[in-house]
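Asks: Take the given structure of chain Y and dock chains U, X and Z to it, following the hints.
Quick note, the sequences are listed as chains Y, U, X and Z, same order.
Reminder that position 18 of the first sequence reads as 18 in this note's numbering, one-by-one numbering, no gaps.
Reminder that position 134 of the second sequence reads as 134 in this note's numbering, one-by-one numbering, no gaps.
Reminder that position 93 of the third sequence reads as 93 in this note's numbering, one-by-one numbering, no gaps.
Reminder that position 109 of the fourth sequence reads as 109 in this note's numbering, one-by-one numbering, no gaps.
What the hints contain is simulated information worked out from the structure, not anything from laboratory work.
It should be emphasised that the depicted structure is a prediction, and the values quoted were computed from it without experimental measurement.
Just to be clear, a hint being listed does not mean it is correct.
Chain copies aren't distinguished; within one or between two, either way the pair holds.
As the list claims (entries may be wrong) - Straight line, CA to CA, 25 Å or less: simulated DSS-like cross-link-like pairs of lysine-lysine:
1. K116 with K73
2. K111 with K80
3. K111 with K73
4. K80 with K116
5. K73 with K104
6. K104 with K80
Number of protein chains: 4
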Amino acid sequence: MSSSQPDPAPALKEFSTFETVLSVRPDDIDMNRHVHNSKYLDYVLAARFDQMERCYRMPMEAFLERGFSWFVKSTFIEHKRPLHLGDTLAVRTRVEEIHVRGVKVAFEIAKVDSRKSSALGWFEYVMVHADTGRPAIIPEDIIEAYSV
Amino acid sequence: MSSSQPDPAPALKEFSTFETVLSVRPDDIDMNRHVHNSKYLDYVLAARFDQMERCYRMPMEAFLERGFSWFVKSTFIEHKRPLHLGDTLAVRTRVEEIHVRGVKVAFEIAKVDSRKSSALGWFEYVMVHADTGRPAIIPEDIIEAYSV
Amino acid sequence: MSSSQPDPAPALKEFSTFETVLSVRPDDIDMNRHVHNSKYLDYVLAARFDQMERCYRMPMEAFLERGFSWFVKSTFIEHKRPLHLGDTLAVRTRVEEIHVRGVKVAFEIAKVDSRKSSALGWFEYVMVHADTGRPAIIPEDIIEAYSV
Amino acid sequence: MSSSQPDPAPALKEFSTFETVLSVRPDDIDMNRHVHNSKYLDYVLAARFDQMERCYRMPMEAFLERGFSWFVKSTFIEHKRPLHLGDTLAVRTRVEEIHVRGVKVAFEIAKVDSRKSSALGWFEYVMVHADTGRPAIIPEDIIEAYSV
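Just chain Y, with the same shape it has in the complex (with noise of 0.2 Å):
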């Protein structure tokens, strides 16, 4: 599970990856009768989601009562083998980078029978300020919980 370069630093190592498993829906299925592309961005995102809230105990309703939320700065995803109708994947997540006002998670999407990847990636994210979505520094206690 890497970002799409080569990336040798040692950092990388600090923090842990998580894992949710979800099933495939019927609605996610295109013309192609495989999981629709677009799909696979709202897996990872159902899976931080968990994550945020049973792995680093700060859900994302704790961010919004603080007047908090993360925005999508740019994401990248390669397609290994698709995902069909009845499969369960194993999305693992792993934050690769912290920045001041933001996080980069790399991603793999994996199919629980086979065992096999079916897509990888990453998300860039910023904090924002919920109301007016400008860019927000990430305050000290968040940054703590988000390095396991």
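Replies: The following block gives chains U, X and Z in isolation, referenced to the frame of chain Y:
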């Protein structure tokens, strides 16, 4: 018109009610910060696909292999309480009527935590020839499989 | 264009029918290679938002600024002919009933090319206070705006 | 990695840029009250389908009739400014590279009113045999059709 009204017909008791548990995905949430109204129909679809395989032992794939598919003919849904981010829901469905060319399936969506009803209604499905989309007569063995 | 039950009430003729033309998007297509059933509800929603602004001169933003929103209370839809990739559709809607706390809106979706009906039905909406989601009494000026 | 960086390669100028105008649909809006991140990929898909027919004179149906389809191999997207309810957007795409088995298409999404950029990025598509999903070699006449 709806399963929401009392219906003393004894025939209803002939068919079993099955349940599928699902989780709200973040991409299901709309600008009102609850689950988008049309997603409830997708939850019922997901529950039916699960139950076709697990409870009726006749997954959608079995229909497609025989050249059949199911189209939605009509739907009624009544919303009771909105589902929100983080909610887990139980979708209960039951065959209400089996006709020559279709079935009527009643559903109820309940919140797992509070056990309160979120929505109820029904779907009328027609069996079609998958290649042409034209109505088909439901084969006897399929009627039997659904008569549990 | 009618609700599912015959309704001879002359009051129905008091309200105008408005039309919005939309195009099927590829992500609306499902495994049956026609428009996914729940997307029809999204087409009606898109048409109502367009018509609220263009025809009733009261866009959704005007409701939100006054602290109101509309929730879906119930929906009925009957499918006549499937929409496919490349289709252009006309969504015609008309207020059928205005109540103290809600409105009933009938709709018909037709294919623009063939002029044939694809689906029809109705939505019941309730006005709510946007911050609490609790039902609101529709202000008199809004009733007037919708009584065209 | 991205079309967002200046690229003086003269080859890029060989291919035409085409534009498709779309409207934001209310069901595209998420809990942050702007267009949901994964919907931007669907807008690009809709633009490509439109342009395949209108600009390249080779609609998706023509590929399917010949037993071909296009799968997404990888995607990069960078978000500049969020799209909101009521926004009209222009999706501009351009073939960047044509390979033996796939094409790379760069895109930019701009707001029509302000002419400001909302997002940009690229898609790599591979041609597949529709029945098996296995990679295909792009026929010469298709390469020619796309070399405008």
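Asks: State for each hint whether it applies.
Replies: Do the hints match the structure? See the list:
1. For the identical chains of this complex, K116 and K73 are inter-copy neighbours only, at 16 Å across copies versus 28 Å inside a copy, given an alpha-carbon limit of 25 Å.
2. With identical chains, the CA atoms of K111 and K80 are at most 25 Å apart within one copy only, with a shortest distance of 11 Å there and 33 Å across copies.
3. Taking CA atoms no more than 25 Å apart as the test, K111 paired with K73 passes between copies only; the shortest distance there is 17 Å, against 27 Å inside one copy.
4. In this assembly of identical chains, K80 and K116 lie within 25 Å of each other by CA distance solely inside one copy; the values are 9 Å within and 34 Å between copies.
5. Within a single copy, K73 and K104 get their C-alpha atoms as close as 10 Å, and across copies as close as 22 Å, so both meet the 25 Å cut-off.
6. Taking the shortest alpha-carbon separations for K104 and K80, both the intra-copy value of 21 Å and the inter-copy value of 17 Å come in at or below 25 Å.
Violated hints: none; the structure is consistent with every hint.
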